[in-house]
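Participant: Take a look at the letters that make up each chain.
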Amino acid sequence: MGDGIGAGRATENVPATEQPDPPLLFERGAPGRVAYQFPELDVPARPLEQLIPAAALRKEPAPLPELSEIEVVRHFTQASRRNHAVDVDFYPLGSCTMKYNPKVNEEAAQLPGFARIHPYQPEESVQGALELMYRLERYLCEIAGLARATLQPAAGAHGELTGLLLIKAYHKDRGQHEQRREIIVPDSAHGTNPASVTMSGYRMVQVPTDARGGVDVKALRKAVGPQTAGLMLTNPNTLGLFDENILGIARIVHDAGGLLYYDGANANAILGISRPGDMGFDIVHFNLHKTFSTPHGGGGPGSGPIAVRESIVPYLPVPLVEFDGERYRLNYELPKSIGRVRSFYGNFGVLVRAYAYIRALGPQGLRRVSEAAVLNANYLMRLLAEDYHLPYDRHCKHEFVLSAVRQKRHGVRAGDIAKRILDFGMHAPTVYFPLIVEEALMIEPTETETKGTLDRFAAVMKQIAREAESDPERVTSAPHRTPVRRLDEVTAARNPVVCFTPGA
Amino acid sequence: MDYVPMTDAERREMLARIGVKSVEDLFEDIPEQVRLRRPLNLPPPMSEAELLAHMRSLAARNADLDRYTSFLGAGAYDHLIPSVVRHVLSRSEFYTAYTPYQAEVSQGVLQTIFEYQTLVCQLTGLDAANASMYDGASAAAEAALMAVGATGRRRVAVSAAVHPEYRRVMATYLGNQDVALDTVPWRMGVTNLDALQQAAGTDLAAVVVQNPNFFGSIEEMQAASEIAHRAGALFVAVVDPISLGILAPPGEYGADIAVGEGQGLGNAIGFGGPYLGFFAARRDLIRRMPGRIAGVTRDVDGRRGFVLTLQTREQHIRRERATSNICTNQALNALAATAYLAMIGRQGIRRVGELCVQRSHYAYEALTGIPGIRPMWDAPFFKEFVVEMDGEIPEILTRLWQEYSIIGGLPLGNFYEGLERGVLWCVTEARTREDIDRLAGVLRQLA
Numbered sequence: 001m002g003d004g005i006g007a008g009r010a011t012e013n014v015p016a017t018e019q020p021d022p023p024l025l026f027e028r029g030a031p032g033r034v035a036y037q038f039p040e041l042d043v044p045a046r047p048l049e050q051l052i053p054a055a056a057l058r059k060e061p062a063p064l065p066e067l068s069e070i071e072v073v074r075h076f077t078q079a080s081r082r083n084h085a086v087d088v089d090f091y092p093l094g095s096c097t098m099k100y101n102p103k104v105n106e107e108a109a110q111l112p113g114f115a116r117i118h119p120y121q122p123e124e125s126v127q128g129a130l131e132l133m134y135r136l137e138r139y140l141c142e143i144a145g146l147a148r149a150t151l152q153p154a155a156g157a158h159g160e161l162t163g164l165l166l167i168k169a170y171h172k173d174r175g176q177h178e179q180r181r182e183i184i185v186p187d188s189a190h191g192t193n194p195a196s197v198t199m200s201g202y203r204m205v206q207v208p209t210d211a212r213g214g215v216d217v218k219a220l221r222k223a224v225g226p227q228t229a230g231l232m233l234t235n236p237n238t239l240g241l242f243d244e245n246i247l248g249i250a251r252i253v254h255d256a257g258g259l260l261y262y263d264g265a266n267a268n269a270i271l272g273i274s275r276p277g278d279m280g281f282d283i284v285h286f287n288l289h290k291t292f293s294t295p296h297g298g299g300g301p302g303s304g305p306i307a308v309r310e311s312i313v314p315y316l317p318v319p320l321v322e323f324d325g326e327r328y329r330l331n332y333e334l335p336k337s338i339g340r341v342r343s344f345y346g347n348f349g350v351l352v353r354a355y356a357y358i359r360a361l362g363p364q365g366l367r368r369v370s371e372a373a374v375l376n377a378n379y380l381m382r383l384l385a386e387d388y389h390l391p392y393d394r395h396c397k398h399e400f401v402l403s404a405v406r407q408k409r410h411g412v413r414a415g416d417i418a419k420r421i422l423d424f425g426m427h428a429p430t431v432y433f434p435l436i437v438e439e440a441l442m443i444e445p446t447e448t449e450t451k452g453t454l455d456r457f458a459a460v461m462k463q464i465a466r467e468a469e470s471d472p473e474r475v476t477s478a479p480h481r482t483p484v485r486r487l488d489e490v491t492a493a494r495n496p497v498v499c500f501t502p503g504a
Numbered sequence: 505m506d507y508v509p510m511t512d513a514e515r516r517e518m519l520a521r522i523g524v525k526s527v528e529d530l531f532e533d534i535p536e537q538v539r540l541r542r543p544l545n546l547p548p549p550m551s552e553a554e555l556l557a558h559m560r561s562l563a564a565r566n567a568d569l570d571r572y573t574s575f576l577g578a579g580a581y582d583h584l585i586p587s588v589v590r591h592v593l594s595r596s597e598f599y600t601a602y603t604p605y606q607a608e609v610s611q612g613v614l615q616t617i618f619e620y621q622t623l624v625c626q627l628t629g630l631d632a633a634n635a636s637m638y639d640g641a642s643a644a645a646e647a648a649l650m651a652v653g654a655t656g657r658r659r660v661a662v663s664a665a666v667h668p669e670y671r672r673v674m675a676t677y678l679g680n681q682d683v684a685l686d687t688v689p690w691r692m693g694v695t696n697l698d699a700l701q702q703a704a705g706t707d708l709a710a711v712v713v714q715n716p717n718f719f720g721s722i723e724e725m726q727a728a729s730e731i732a733h734r735a736g737a738l739f740v741a742v743v744d745p746i747s748l749g750i751l752a753p754p755g756e757y758g759a760d761i762a763v764g765e766g767q768g769l770g771n772a773i774g775f776g777g778p779y780l781g782f783f784a785a786r787r788d789l790i791r792r793m794p795g796r797i798a799g800v801t802r803d804v805d806g807r808r809g810f811v812l813t814l815q816t817r818e819q820h821i822r823r824e825r826a827t828s829n830i831c832t833n834q835a836l837n838a839l840a841a842t843a844y845l846a847m848i849g850r851q852g853i854r855r856v857g858e859l860c861v862q863r864s865h866y867a868y869e870a871l872t873g874i875p876g877i878r879p880m881w882d883a884p885f886f887k888e889f890v891v892e893m894d895g896e897i898p899e900i901l902t903r904l905w906q907e908y909s910i911i912g913g914l915p916l917g918n919f920y921e922g923l924e925r926g927v928l929w930c931v932t933e934a935r936t937r938e939d940i941d942r943l944a945g946v947l948r949q950l951a
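The listed protein sequences derive, respectively, from chains A and B. Its first residue numbered 1, the first sequence is counted upward by one per residue in my numbering. Its first residue numbered 505, the second sequence is counted upward by one per residue in my numbering.
For reference, chain B alone in the conformation it holds in the complex (with noise of 0.2 Å):
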């Protein structure tokens, strides 16, 4: 099967055009010695129907949330996602625009850009946002580089209970740039504000700090706020956007920029990607920021219309000048946000706070009753929390998925030393008790 609409006539009138015998006439200019002469080493071609048997058998090779239950989280969540969403993202005078270089035909995608950044300060209660980055890991690293240049200084701080595969890629880009990393300890599940306060120094460019954080926690958000402005740093807040209908937000509590995966917002949970980093600022930082921006402007009627506006900051003009060289974003994750927010409005994300807040909480009493598992600390959290088990925790877990059909939590012995007993749940509003009761009960029998 091939995508080429060509016909042999056509062929020959356009050789003809053009002046030559053949195609091959015209790739004469590739050396003989780097042509390829066979054909490539792949399998041969499908037609539509096999393409489709041969995707369907792979993807039955997995075992997919609609036939297993899933309280794993840890950065990718399995939430809600109204009907609309798909059926937005699905059109494909949306899906199948590039960037809107040409602002005139590209108002839908400009529009659209432009309200995402509006719902992102409504959530995070700054003052601009970006079109979105690749991940929130991306997003929390471009954002640690963008206070090293706000504040000419070139050292991080970071609390270890940031998700680690964050700082993995913060330690990628900033060590890149020689700017220091320093990781501030975590005590009972929370950032050792101490060891916070003595990691601020006068040569400290940001402190980041994730609010809930990787084991689900919620940080005491205003004080590490407090100890870096107190350092004459910036304060980084990376959030996850669901648990702002009820936790303050960042703009509060006086976070700088406000960072995070935007995942949840109606986006598939997809193995990981494609997902969406998010990124918000207080206005004065607005022309440091990475990424592309929408901004409102008139056209020649006087008619309201959209640009991407700000490029002089881009890497288009500003070539090796540019900060950052983000260019292709994740601009339909950030419809399906656009769209996610539209339908489930104001009192809806305070309604998704709620359902996982308590189901959450639930899930903890009915687990932490079980013997042999046990509360880990006594840290106030969202939708995710942290138990000690006893037992074989590998087998529990596989026996969960291949027996019962349920999968998670996850074991943290592989990202936190002194952690090898600790296991990760997370129960968002698409879990329900009956769930719940079941996970509890199979546990009973295994833990």
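Pulled out of the complex, with its shape left as it was, chain A reads as follows (with noise of 0.2 Å):
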């Protein structure tokens, strides 16, 4: 593919800076224009003020949009095309685990059987997604190491936030709680982990990462205490490495009365090649959004299921599903739960895209899995380690941390870079994160690429960092060839206009 001749780029006989500005849904249609005929009314028909408090009612009609259908379609649809996504192009967005979704979940998720059930209706009449949930609680624990899971968090973040509150409730069953108020995150950490540790109450401790990217542990040593309530890790981290001290920190913080939290964001690189569980790890959450392939729809739905060893279960939320030998059932009683952190059971839907996956991958297809994802990463590494610096020489597991300090010195920063890249018809990796490294350009290519794609990559990045010593100011003033070009993010904080006012 050449310079920016990508997917769903529009207009290509008209300058682009002479396109009109797409319409938004207010500024189509028509007063009095109908898309959709509800059904008439086939009982007596009675005056709505016999029925309703006049007080209660609604003086004005909403004011939404009136458009026809077509009118609907198209502007979705235009819409769409102005939008990469995984099924358009590459999509190395490092931690976020953008691989490709299986087409054949869509169509499981949207049985009947699992798209129009209601979640209060009989157990007896739902045994079939019971049992799906029964049967995923229990492979997530296989491939985490651990006792039993909840499936009620909707996403990682709360997923985080639950974990949490089950190391509270631990220490608070054991009398522990008003000593123990602090959980300790790694400087590496997702942005979410700290925020995560200050909505469940408790008191961040941040300690830093050692020289081979691990956890530096003289200072978690110094760090931990009787005041530990738990420690977040992610491993391999967000550096893309596996801690090879992991039983160390897992005795250190035990040894400190601590539980430790495995923040499943990286899983990928691990399927049935290493357990949470087995490196120590209490209470694990995954992201299905990400190692189970479900697609993540432009910011969510996701699902951040939470696996905990045996001595965790008694506080894990209602309900849990049981089964007797015979019929699935809904658990209540459980009198230590945290209580509910969603309503009803969870994202079901991602849930059957999750079951779907690994039932068509099995154990050997989930280690493939964490195999191509760790062979594509390092393949990458090595042919970028060229042209950018790599501040972590040593194999990375699922991605890896390169840095633009090279091509800083000529004024192009990695968001420069990452803009530069859209030109191409690809996606940018993460930028700017993790944050102790300095122009980080954070690469996660996933086991679902070809080699082609992952060498096509390479060398628009490899043109790239050409650019930036030959003519910088083609990469600071990019990108050049997107539907727009790039934006005014500071204006837009500043004077917030969040909601469309006609006229304005």
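Bear in mind the hints are in silico, worked out from the structure with no lab data behind them. One thing to keep in mind: the hints can contain errors.
[Said to hold, decoys possible] When the alpha-carbon atoms are kept at most 16 Å apart in a straight line, the in silico EDC-like pairs for lysine to aspartate or glutamate are as follows: (1) A:Lys451 / B:Asp512; (2) A:Lys451 / B:Glu514; (3) A:Lys59 / B:Glu858; (4) A:Lys103 / B:Asp506; (5) A:Lys222 / A:Asp255; (6) A:Lys59 / A:Glu49; (7) A:Lys172 / B:Asp682; (8) A:Lys218 / A:Asp255; (9) A:Lys451 / B:Glu517; (10) A:Lys336 / A:Asp173; (11) B:Lys525 / B:Glu514; (12) A:Lys408 / A:Glu469; (13) A:Lys218 / A:Glu244; (14) A:Lys462 / A:Glu386; (15) A:Lys103 / B:Glu552; (16) A:Lys59 / B:Glu756; (17) A:Lys103 / B:Glu554; (18) A:Lys408 / A:Glu438.
Source: prediction; values computed, not measured.
Starting from the two chains in their separate frames, assemble the complex, guided by the hints.
Facilitator: Structure (structure tokens):
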């Protein structure tokens, strides 16, 4: 693919700057236009005012748009063409694990037996759904090396919050909550970790990263104590590196009486190879929308199940799915439960897709996922280390972090490189994360990409590295070939317009 | 079956380029003691055809609403969904995208989020909305926390007529931040405003009332709002968006924050999820609002574009200072809501509300005309109502679905003490007169 000839680029012959802005829903349609017909009223109509007190009624109609069906369809189809997605092209967004999502899973999730059931139906009438949840829980526990799991959390960060509340409930039950008020988080952690710590009412203590890219064990020894409730860690970490000292780290935290929490954002690297439970973790969340290949929908839905060691099972949110050998049922009888973090049973539709994915791959397939993800990442890392600084030069797992410090000398920053990549029809890596690497570019190719795609991406990155030296302006003024060019985020934040007003 | 496209030849080339002999070498930094030296204990892989057959057999063991007629509501609703909504959602440019971190190539998602926010504002009569929360319950909990932040007070009063699961989620979120949650009792199916008045005090951060409430009853929102404001607290309205075509919008009765479950707006009932929480507020509260927000801006050529904005509120910048940890939200569900509202439009939102009111009232008359079934109270209602039923309620409900393919209503004994004889019924625009007549006919025999 040539420079900028990406999928979904709009009109070819008219220069982009001369095309009008694509209309919003509110700029389409006409008064009185109707797209959808509701059924006729087939019961005797009574005056609304007789049924509902006048004070409770709406005085003015809700000012929704008025469109026809074809206008609605074209509106959204056109919008979709102005959007990058895995199905369009490469999406090496580090830590987000944007791999291909099997289509058959979409078909499965849309079966009426899954999509058209009510959460309060009698248990006897939803045995298939409960069986799916029960089995998925078992599979996730086997992959994690732990005892039980809740499928309730709706996202990874929601899982983090749930996990921290489990830690709290565990210490409370042992009369230790008053003294244990601190959660230790490495400085390379995901941004949601510290926020989850605050939301769960804990104080965060940060530990640094050592020269090999792992947790600084000396600093950890100093940080732990009788005030420690737990440690949050991802392994491999956000540098894409496996922490070789994991057993030592687990011992330090456990000896101090704390619990180990595993942020599963990077679990794609270790399926069937190493289990968090075997590493010493007590509580694990998985991001089903990453590791188990359920599409992320432009920002959700996700799903963040939590698996735990036996000693933490009593505190799990209700309900859990149980099986007595004949029937599946919802168990609400957990007197020490932290309660609920979400209504009903979680993002069930996401669970269906993850279940289908695990069943399709089986144990061999899951292991192959991780092997290929790690091979792809190391291959790409070696190709790019020629042109970009590699701050931690050792085998990576499923992702790796480069630094644009060499390019920065020419005035080109990581964010500029990201924008320039967009010109080639691909998505950019994650930039400026983890915070401990200057000008970070965090790249995760995933196992579903071909060598050809990796070579093509490497060629783009190499070209940009050359441009940074010979024509830095070309990079700093990028993107040039996207539906809109660089957007003014500062003005947007200073004077926020978050809702359309006619004429404004 | 797997989805790894790598050939053996490619694997060899790649290993050579890295300079290792085998893939195993890339895992040498994983200590021996934590390596799994056996295959995972999982069922063997399946081909696509085998997988589909298996999934169909699991799905077939559920009584789905294509084959069964449902009168269940209680926070999960069987509303009609225009065909276009599914087609919009199945555009893989939308559903296989990630969070729009690179705005220039994510204009499709960003624009539809902006449109979604606008539609939520149009329905609720408030000034600002976010890009969605996990569900109605987590939205209600975060609304209460936002009020705590805005007022500096640490007590929240919630009506007992708010969905019981929402209240449990609120208790989890608030309790762990040492915010007290007081429950205000209901009387005759609506919030007891005298009790609310008594609960109001100068330490109150928020009053949370649902309309229509868990029983389907319409609350006196204006009066509740005034009680909250007189105490210096914020008023949080939990509302059913489908009702807002005919019921007064929260902005009109002075709600500071409006939240609720957006599932009814074009989202599958799906055994409880994925759903979406919507979240709207007064303009001056926008910088305290949790979650993502899309805003309008211009590019260097002056063209209109959209970006995620006010990100300094969010966890990836504020880290431990962030007031909410929400990151992934329910963007695809919000897209469904956007497509749904675009399809039904200004006339449709009123029409669907009218159909819900008329048909549910018809059902109420039909059911309460049956011996052994009585009105519980006479509160006005929108699409759900509670009746008192004689007889063995669990047995009646079991026979309903097993013998007559009718699902519902919901026995309230599990949720409320003293309502052991109460059953909550829901009638949306998706239920026809024939459905209702059949339900009444069967109940006349069973009750």
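Participant: Compare the structure with each hint and give your call.
Facilitator: Evaluated hints:
no., hint, verdict
1, A:Lys451 / B:Asp512, "11 Å, holds"
2, A:Lys451 / B:Glu514, "7 Å, holds"
3, A:Lys59 / B:Glu858, "14 Å, holds"
4, A:Lys103 / B:Asp506, "12 Å, holds"
5, A:Lys222 / A:Asp255, "13 Å, holds"
6, A:Lys59 / A:Glu49, "12 Å, holds"
7, A:Lys172 / B:Asp682, "14 Å, holds"
8, A:Lys218 / A:Asp255, "15 Å, holds"
9, A:Lys451 / B:Glu517, "9 Å, holds"
10, A:Lys336 / A:Asp173, "8 Å, holds"
11, B:Lys525 / B:Glu514, "14 Å, holds"
12, A:Lys408 / A:Glu469, "10 Å, holds"
13, A:Lys218 / A:Glu244, "15 Å, holds"
14, A:Lys462 / A:Glu386, "9 Å, holds"
15, A:Lys103 / B:Glu552, "10 Å, holds"
16, A:Lys59 / B:Glu756, "9 Å, holds"
17, A:Lys103 / B:Glu554, "15 Å, holds"
18, A:Lys408 / A:Glu438, "10 Å, holds"
When held up to the earlier numbered hints, the structure conflicts with none and fits them all.
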